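Engineer: Chains A and B, in that order, are what the protein sequence lines are.
Under the working numbering, think of the first position of the first sequence as 42, with each following residue one higher.
Under the working numbering, think of the first position of the second sequence as 42, with each following residue one higher.
Worth flagging that the hints you see were computed from the coordinates, not collected in a lab.
Be aware that a few hints might be false.
A pair counts as met if it fits within one copy or between any two copies, since identical chains are not told apart.
[Stated by the list, open to error] Heads up, simulated SDA-like pairs for lysine to any residue below, C-alpha to C-alpha not over 20 Å straight-line:
1. 109 / 271
2. 195 / 348
3. 273 / 103
4. 109 / 291
5. 273 / 291
6. 195 / 291
7. 273 / 160
8. 109 / 120
9. 195 / 294
10. 109 / 121
11. 109 / 324
12. 273 / 163
13. 195 / 184
14. 273 / 112
15. 195 / 251
16. 195 / 209
17. 273 / 61
18. 195 / 179
Since we're looking at a predicted model, the values are computed, not measured.
2 protein chains.
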Amino acid sequence: MIVALAGGVGAARFLEGLVRVAPPETVTVIVNTGDDAEFYGLHVSPDVDIVIYTLAGIVNTEHGWGIKGDSFNALEMLARLGRETWFQLGDRDLATLIHRTDLLRRGLSLSEATAQIATALGVRSRILPMSDQPVRTTVRTAAGWLAFQEYFVKLRTEPEVLEIAYSGADISQPAPGVLEAIHTAQAIVLCPSNPLVSIGTNLAVPGIREALVASSASVVAISPIVGGGTIKGPADRMMRGLGMEVSPVGVARAYQDFLDVLVLDVQDAHYAREIEQLGIRTLVTDTIMRTLEIKEQLASETLATVLA
Amino acid sequence: MIVALAGGVGAARFLEGLVRVAPPETVTVIVNTGDDAEFYGLHVSPDVDIVIYTLAGIVNTEHGWGIKGDSFNALEMLARLGRETWFQLGDRDLATLIHRTDLLRRGLSLSEATAQIATALGVRSRILPMSDQPVRTTVRTAAGWLAFQEYFVKLRTEPEVLEIAYSGADISQPAPGVLEAIHTAQAIVLCPSNPLVSIGTNLAVPGIREALVASSASVVAISPIVGGGTIKGPADRMMRGLGMEVSPVGVARAYQDFLDVLVLDVQDAHYAREIEQLGIRTLVTDTIMRTLEIKEQLASETLATVLA
């Protein structure tokens, strides 16, 4: 059994390769829900849906989020009704939200609702939200504290992030199955996601980091920092804002207490020695997932480092 | 000021003419909410939306309900997620439901939410749900009691209706403004809607029928029964099932305690005498609203009978 800790787009792209080199049924994905939000009274789980849509083969591959070929007629009507519509929700995507919100109002937990949606869409891996309780990532900027989606989507990650908080994390618990999956895993993979607000939020749920430290399985992470920056998203600027080194070394340090192997891109090969001095093995390979073949290759090599 | 009591499609078509022969701002429409239902946790007010969409000029004129040019991608996705989708909700239509449901959850009343939606869509007449409390029309068939939309949409009005109940009506109140509008009206029009489950539901809200009886304004109804049947909907079969005469006479009797004038179609002219013997004046004219001109003509002649 393989456990993957995931955020959004980068994680989903990696998982697409992973479920092609390992039987999908053997993969459990623990997904960040710190980016969850409510729009129009509907519960949005952006990272969960990105992972589900990707593994279901219906994601909009150009964006990495949303459903391919989706229309935006409901959103246009909501604008006409006077609502803010900066969070892009397609009509099919809205259906998922409507369904999830309805399941939650009927008393299902977020993990139960997630399982129903994933199963209905034909996903064979197990998708677990990190927690059934609300944990909300907020970021402090010069203009004050912002909800994550306001910073991420409405303000296009433009403000500098001075501080990050995981509101509610202190009283949250890992969702049912999360700790068991980590305890019984043969390999644990940290997807190439933001170490602060995707993987970092997972790690803020009491018990998850401790389970990784205690796990007898090897833990491997793929560095989301490549060539001094990120492929997508604000991880590099966030790390810099918080005084972290923006390199695979910075990533290695963030996970140092439990990480066995760090996968870094060929262009960062010169960091390998410094990372190994932290007691972390390295794999240097092509981590820029331009094609499905590269995704499979990356997943295959990543697994080999910890399943050997 | 003109007050119109309305149900769905027939009413909306009549109102389209009415607001062209009277200033829209002088018209208050009191709309049946007995057909309201919840789908996927969203509050559907079918008759309210039919009236709003029609007066906003965005109704699907072919169906008489829904929004013209709407897509059905969310509904298709809901089916894929395992939900029943027999109630046809387009993507733009769903936006209205999402918005309304959100407003209700934030504590607005149905009449406040309705006013917001109507205003946002440019409707200049005042649209009032008959009540802010839930009143639900249910029908007894050979198979037992059914919620109205199950009978009306899911079963396509096929079962014979043996009995009608307005669940919750006994403890409901007219929405704010309803009784005041009736008391101060110069003319009251009962639209060509089902006398049992559209107008009848309005009349089941304690105080509305009494206000019509007490009103000093004249009350005129347009018979929805033409040539022994209805243009649209099951009113004729429902009336027959409940032992009422399926003719303008049957309609006149249903409203006898407050009705001053009944408008009947030219093909029903032979009923005029019998209706007048009930103490109700008649206007015989073309009531089949095939064109906008006929709608205007019908509205104009109808108003003339009570504003003289």
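Engineer: The structure should be examined with respect to each hint, and the outcome stated for every one.
Structural biologist: Results for each hint:
Taking CA atoms no more than 20 Å apart as the test, residue 109 paired with residue 271 passes in neither setting, with 24 Å inside one copy and 44 Å between copies. Taking identical chains as interchangeable, the C-alpha atoms of residue 195 and residue 348 are never at most 20 Å apart, the minima being 42 Å within one chain and 54 Å between chains. For the identical chains of this complex, residue 273 and residue 103 are intra-copy neighbours only, at 12 Å inside a copy versus 47 Å across copies, given an alpha-carbon limit of 20 Å. Proximity of residue 109 and residue 291 under a CA criterion of 20 Å is satisfied in neither setting, with 35 Å inside one chain copy and 55 Å between copies.
In this assembly of identical chains, the alpha carbons of residue 273 and residue 291 lie at most 20 Å apart only when taken from the same copy (17 Å versus 70 Å across copies). With identical chains, the CA atoms of residue 195 and residue 291 are never at most 20 Å apart, being 28 Å at best within one copy and 59 Å at best between copies. For the identical chains of this complex, residue 273 and residue 160 are neighbours neither inside a copy (29 Å) nor across copies (41 Å), given an alpha-carbon limit of 20 Å. Taking the closest pair of Cα atoms, residue 109 and residue 120 come within 20 Å of each other only across two copies (17 Å); inside a single copy the shortest separation is 22 Å, beyond that limit.
In the homo-oligomer, the alpha carbons of residue 195 and residue 294 never lie at most 20 Å apart, since the shortest distance is 31 Å inside one protomer and 60 Å across protomers. In this assembly of identical chains, the alpha carbons of residue 109 and residue 121 lie at most 20 Å apart only when taken from different copies (15 Å versus 24 Å within one copy). With identical chains, the CA atoms of residue 109 and residue 324 are never at most 20 Å apart, being 34 Å at best within one copy and 57 Å at best between copies. Taking the shortest Cα distances, residue 273 and residue 163 never come within 20 Å of each other, neither inside one copy (27 Å) nor across copies (42 Å).
In this assembly of identical chains, residue 195 and residue 184 lie within 20 Å of each other by CA distance solely inside one copy; the values are 14 Å within and 52 Å between copies. Within a single copy, residue 273 and residue 112 get their C-alpha atoms no closer than 24 Å, and across copies no closer than 32 Å, so neither meets the 20 Å cut-off. When the C-alpha separation of residue 195 and residue 251 is checked against a cutoff of 20 Å, the pair qualifies neither within a copy, at 34 Å, nor between copies, at 53 Å. For a Cα distance limit of 20 Å, the shortest separation of residue 195 from residue 209 qualifies neither inside one copy, at 23 Å, nor across copies, at 44 Å.
Taking CA atoms no more than 20 Å apart as the test, residue 273 paired with residue 61 passes in neither setting, with 23 Å inside one copy and 55 Å between copies. For the identical chains of this complex, residue 195 and residue 179 are intra-copy neighbours only, at 14 Å inside a copy versus 45 Å across copies, given an alpha-carbon limit of 20 Å.
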